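Engineer: Sequences and hints are given; from them, build the entire structure.
Protein sequence lines, in the order shown, are assigned to chains D, H and X.
Note that this note's numbering numbers the first sequence so that position 136 is 136, with each residue one more than the last.
Note that this note's numbering numbers the second sequence so that position 143 is 143, with each residue one more than the last.
Note that this note's numbering numbers the third sequence so that position 174 is 174, with each residue one more than the last.
This list has only true hints and no planted wrong ones.
Cross-link-like lysine-lysine pairs, in silico, BS3-like; alpha carbons within 30 Å at most:
| no. | chain 1 | residue 1 | chain 2 | residue 2 |
| --- | --- | --- | --- | --- |
| 1 | H | Lys131 | X | Lys467 |
| 2 | X | Lys467 | H | Lys132 |
| 3 | H | Lys175 | H | Lys131 |
| 4 | H | Lys257 | H | Lys225 |
| 5 | H | Lys149 | X | Lys133 |
| 6 | X | Lys133 | H | Lys225 |
| 7 | H | Lys257 | H | Lys322 |
| 8 | X | Lys239 | X | Lys95 |
| 9 | H | Lys257 | H | Lys334 |
| 10 | H | Lys225 | X | Lys467 |
| 11 | X | Lys294 | X | Lys95 |
| 12 | H | Lys149 | X | Lys467 |
| 13 | H | Lys132 | X | Lys133 |
| 14 | X | Lys133 | H | Lys131 |
If you are wondering where the hints come from, they were derived from the structure by calculation, not from laboratory data.
Note that this is a predicted model, so its numbers are computed, not measured.
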Amino acid sequence: MDGGLSSLLAVSVDFSESHLFFPRIVFAVLVVLFLAVLVTKRREIAASAGRLRQEVRDTDRMRLLGTIGLTVAYFLTMPVVGDVYPHSGLGFYLTSIPYLFLLSLLYLHVRRGRPLLIAAVNAVVAPSVAWYVLARLFNLSLP
Amino acid sequence: MNSMLTTLGAGALGLALATAPVAATAQPISGNLRVVVGSTSTGGDTYQNASIVAEALGQKLGVNVKVDPVGATEAFKAITRDTRGNTVMIFHDQSYLGNLYGVRGYDDIFETYRIGPTVAINPGNAYLVPKKSPYQTIEDVIAAAGEGKRVRVAIEPGGVSEIGFSALKNAVRAKHPGSEGNVVAINTGSQADKNQLLFDGQADVIHGSVQANEQYTRLPETDQKAMRFVWLTSSRDVINQANPEGIGETGRDDMLKYVEPNTVVPRADGQPFVFDKDFFFIYNAKMSDEAVAAIDQALAGIYADGKIQTTQKNAFFIPNFKPSGEAHAYLQEKRDQYRQIIEAIRQ
Amino acid sequence: MEFLSLLTPQFFVLVAGGTMVGILFGAIPGMTATMAVAVCLPLTYSLGLVDGLALLLGLYVGGISGGLVPAILLNIPGTPSSITTTFDGYPMTQKGEGERALKLAIYASLFGGLFSLAVLYLFAPALADFAIKFSYIEKFLIILLALTVMAALSSSLIVGIFSGVLGIFISLVGTYPTSVGGNGEVRLMPEALIPYLESGFALLPVLIGVFGVAAILAEAAQGVREETAADRLRLTTGKPFSLSLFRGQGVNLVRSASIGTFVGILPGVGGSAASVLSYSQEKNFSRNPEQFGKGAPAGVIASESANNGLTGGALVPLLSLGIPGDSTTAILIGAFALQGIQVGPLFIGENPQIWNSMIVALLAANAVMFLMMYFAIRHLARLVLIPKYVLYPIILMMSVVGAYTINYGIMFDVWTLLLFGVLAFVGQKLGLEVAPFIIGFILGPAAEIYFVKSIESFGTLTIFFTKSPIAMVLWVLIALSVGLSIYLARRAAGRGPDDPAAERGA
Numbered sequence: 001m002d003g004g005l006s007s008l009l010a011v012s013v014d015f016s017e018s019h020l021f022f023p024r025i026v027f028a029v030l031v032v033l034f035l036a037v038l039v040t041k042r043r044e045i046a047a048s049a050g051r052l053r054q055e056v057r058d059t060d061r062m063r064l065l066g067t068i069g070l071t072v073a074y075f076l077t078m079p080v081v082g083d084v085y086p087h088s089g090l091g092f093y094l095t096s097i098p099y100l101f102l103l104s105l106l107y108l109h110v111r112r113g114r115p116l117l118i119a120a121v122n123a124v125v126a127p128s129v130a131w132y133v134l135a136r137l138f139n140l141s142l143p
Numbered sequence: 001m002n003s004m005l006t007t008l009g010a011g012a013l014g015l016a017l018a019t020a021p022v023a024a025t026a027q028p029i030s031g032n033l034r035v036v037v038g039s040t041s042t043g044g045d046t047y048q049n050a051s052i053v054a055e056a057l058g059q060k061l062g063v064n065v066k067v068d069p070v071g072a073t074e075a076f077k078a079i080t081r082d083t084r085g086n087t088v089m090i091f092h093d094q095s096y097l098g099n100l101y102g103v104r105g106y107d108d109i110f111e112t113y114r115i116g117p118t119v120a121i122n123p124g125n126a127y128l129v130p131k132k133s134p135y136q137t138i139e140d141v142i143a144a145a146g147e148g149k150r151v152r153v154a155i156e157p158g159g160v161s162e163i164g165f166s167a168l169k170n171a172v173r174a175k176h177p178g179s180e181g182n183v184v185a186i187n188t189g190s191q192a193d194k195n196q197l198l199f200d201g202q203a204d205v206i207h208g209s210v211q212a213n214e215q216y217t218r219l220p221e222t223d224q225k226a227m228r229f230v231w232l233t234s235s236r237d238v239i240n241q242a243n244p245e246g247i248g249e250t251g252r253d254d255m256l257k258y259v260e261p262n263t264v265v266p267r268a269d270g271q272p273f274v275f276d277k278d279f280f281f282i283y284n285a286k287m288s289d290e291a292v293a294a295i296d297q298a299l300a301g302i303y304a305d306g307k308i309q310t311t312q313k314n315a316f317f318i319p320n321f322k323p324s325g326e327a328h329a330y331l332q333e334k335r336d337q338y339r340q341i342i343e344a345i346r347q
Numbered sequence: 001m002e003f004l005s006l007l008t009p010q011f012f013v014l015v016a017g018g019t020m021v022g023i024l025f026g027a028i029p030g031m032t033a034t035m036a037v038a039v040c041l042p043l044t045y046s047l048g049l050v051d052g053l054a055l056l057l058g059l060y061v062g063g064i065s066g067g068l069v070p071a072i073l074l075n076i077p078g079t080p081s082s083i084t085t086t087f088d089g090y091p092m093t094q095k096g097e098g099e100r101a102l103k104l105a106i107y108a109s110l111f112g113g114l115f116s117l118a119v120l121y122l123f124a125p126a127l128a129d130f131a132i133k134f135s136y137i138e139k140f141l142i143i144l145l146a147l148t149v150m151a152a153l154s155s156s157l158i159v160g161i162f163s164g165v166l167g168i169f170i171s172l173v174g175t176y177p178t179s180v181g182g183n184g185e186v187r188l189m190p191e192a193l194i195p196y197l198e199s200g201f202a203l204l205p206v207l208i209g210v211f212g213v214a215a216i217l218a219e220a221a222q223g224v225r226e227e228t229a230a231d232r233l234r235l236t237t238g239k240p241f242s243l244s245l246f247r248g249q250g251v252n253l254v255r256s257a258s259i260g261t262f263v264g265i266l267p268g269v270g271g272s273a274a275s276v277l278s279y280s281q282e283k284n285f286s287r288n289p290e291q292f293g294k295g296a297p298a299g300v301i302a303s304e305s306a307n308n309g310l311t312g313g314a315l316v317p318l319l320s321l322g323i324p325g326d327s328t329t330a331i332l333i334g335a336f337a338l339q340g341i342q343v344g345p346l347f348i349g350e351n352p353q354i355w356n357s358m359i360v361a362l363l364a365a366n367a368v369m370f371l372m373m374y375f376a377i378r379h380l381a382r383l384v385l386i387p388k389y390v391l392y393p394i395i396l397m398m399s400v401v402g403a404y405t406i407n408y409g410i411m412f413d414v415w416t417l418l419l420f421g422v423l424a425f426v427g428q429k430l431g432l433e434v435a436p437f438i439i440g441f442i443l444g445p446a447a448e449i450y451f452v453k454s455i456e457s458f459g460t461l462t463i464f465f466t467k468s469p470i471a472m473v474l475w476v477l478i479a480l481s482v483g484l485s486i487y488l489a490r491r492a493a494g495r496g497p498d499d500p501a502a503e504r505g506a
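Structural biologist: See below:
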């Protein structure tokens, strides 16, 4: 085990700093790879700017941002409502109904007639079934 | 399903006999009770213990109880958020040992939270060596370290697994001053990893438990996996309360060989070091006195009924109920004792 | 045959019921086999060990198998180990071959399940003795081998590897936990975010976020157009299934089931590595690797026979070392503990009745799984006909349930879902690759532990090469895997448009 190579490859890890040992290596590799991507793919990257601009223009902003916005509101209200009835899963149940209904409404292109009815029924039935089976029968913790 | 009905029936009977005082206090805990557990494993002793206690508590209080093994960090967060007493935590000595060892995320539980009742002890906290090891006893290990041999002990850092290691190091320091550096920790995680280090010859001693390692001690010496107990950290009194059959082929009398006074890891004052792994409740600091009293009372009733003790002993736990006030003093005293050891070997 | 008296009608009812509930859990995006077993564990207190195990083993087999349904039909892996099923299963669905893919997957699952069961029954103790020859070092090399497949699964070598390393990096955010031997310190986050990020990102929410939420966001961005009547007809009228699809797949089946079983046997490597390894091996050895990712039946077969191979494999260390082989068997151990039965190296010899009844339960669970899924397929395949405005909100809701309950009730895991949904949506627009990212994310934590612990134990890098013959064999496999990936990337580049990345990688 003598010789230059094995001493070169000798590594010791200080336990109190060991949480940074591997992340540092990974980060270094990541930076090298990032630069490699920039160099080898520079033509594609330059060409993609126009494509991306076009895609942003074609995006259905209402539905995309609406989905994200509704979901954020859903996640924010869920624990608040749930806190009123602790550990009963009602926070999940009560906020899921409007969330499902509004999301369906957002996705529909024709907001009347049968699809609207289906959306309304689904918004009530799906959370009820999920809540009853999971929170009541299986005793899962829900917000 | 018959047994389920019997359980329900027995529970109802117990309820009828003992609910009178509880019902009179106008239910300080209304709605569902969530018991968060300081470990993330559903196969571990904390979850098992919490399940036994939670089931009995749910019947006694007449509420729906759910046990959630969310882990220490998340469990502390959960009880911090709830002052009403609908969220309580069950954990063991790790909760203050983590703080003593300076592990991030562990506050001083005696100041930050409110200590609830203790419920049981796991008497199986053990240290093992390979069956082929030259060390027959833990005294051999201490002597070897004193003679300058390097002894590698596989533990999980920062808690219950490390405290026995610290005691060992402290014993070497007391008997052979200056040699304690020969006892070195191999920091690892699960029982699987600790066993693996022993099989690989990368550790001389490992932390384990009677429950998880007993079968390994019965393998023939030629088997690479064969191990031998050298030390159980529990006190003699605790082991004496176990069922005489013990676990597997290792009866109570066998276990008594590995605890004081037969196997001694001395403290600085010469007295044997003991560590009993206690399970207890931890509450939000602002939880009402009424809610605390309600749980104390309900548990007192459960332990007076005497059924839970049988369940606990069959699962190899030693019943140890102390109401919250008593538990606080008892645990704080334990903490102060271990703090001395940890500080002594730190210098 | 004393144990036959334990096999009451209730035993079989529990196996069948468990398998059915397991399939449902597996089939709902966000719910997993692990969750099904965890949820039902308290029910076994009152059942007694043999009947309790009947239920739990049914849930286990059903849950692992059920994951193939959303993977194939919706491109959302129902369980982490069905990620690779989406690669070819979903393209088949898009071609109208959903039913065909499902049947293929079910047959492959059955084979994997039975194969691993036979291995478990015949060789459990011997394999456990072999498994303990794998120390930190060998386990690290297995993970490294699994990581090399990132290259095989990428469309552009360098971008794929970058995505994979990014996945590893993100998986390290959080605490270096003491429960695996770390020092409990946090890393890779600003001070202000510590209360949120200290537990890191959990696998399941990341997975559903990246596959499920991101896909829904992508649809939303395109306006959530419903299929026309003609399109819908096409969705269920692709090529029919026939058993002849398995012609020439014998090697694939056996190799994939063996990889699945063996990865299951190694504690701490993680089940997801099994299907990833076998999928990429099949692709590398295939005569037409360019078909993979476009609906190659062989890909579905490789993935599904491997992930069901896990079931028997993961039980080997549980029953012959007392150590769980994956996250689900880690919960099974609780069932034994609660009944006061020790699992360890002497379990099988001392409890022949329990052992035999477990084997029967697994056999029955596999049979029930096959029959139930086979006859439910016609109806399952119609899942793709549910209008999107109904289906997507339900998927999002169930994802929330899954994310919240995977760690028994942590709200941050729910936010992880949305965060990674948005990140993956944007990332894909920028050209990052999802499959290598997820594989890196899954394997990152184990890679860290085994790498750092190897160095802590031995203090040198040379040990990775010199530790044991097993280590050397693994290096040969790693070299082969890397070499094949580069070769395939070059061949693809040679045919397709000029791709500098392939040469760069070489």
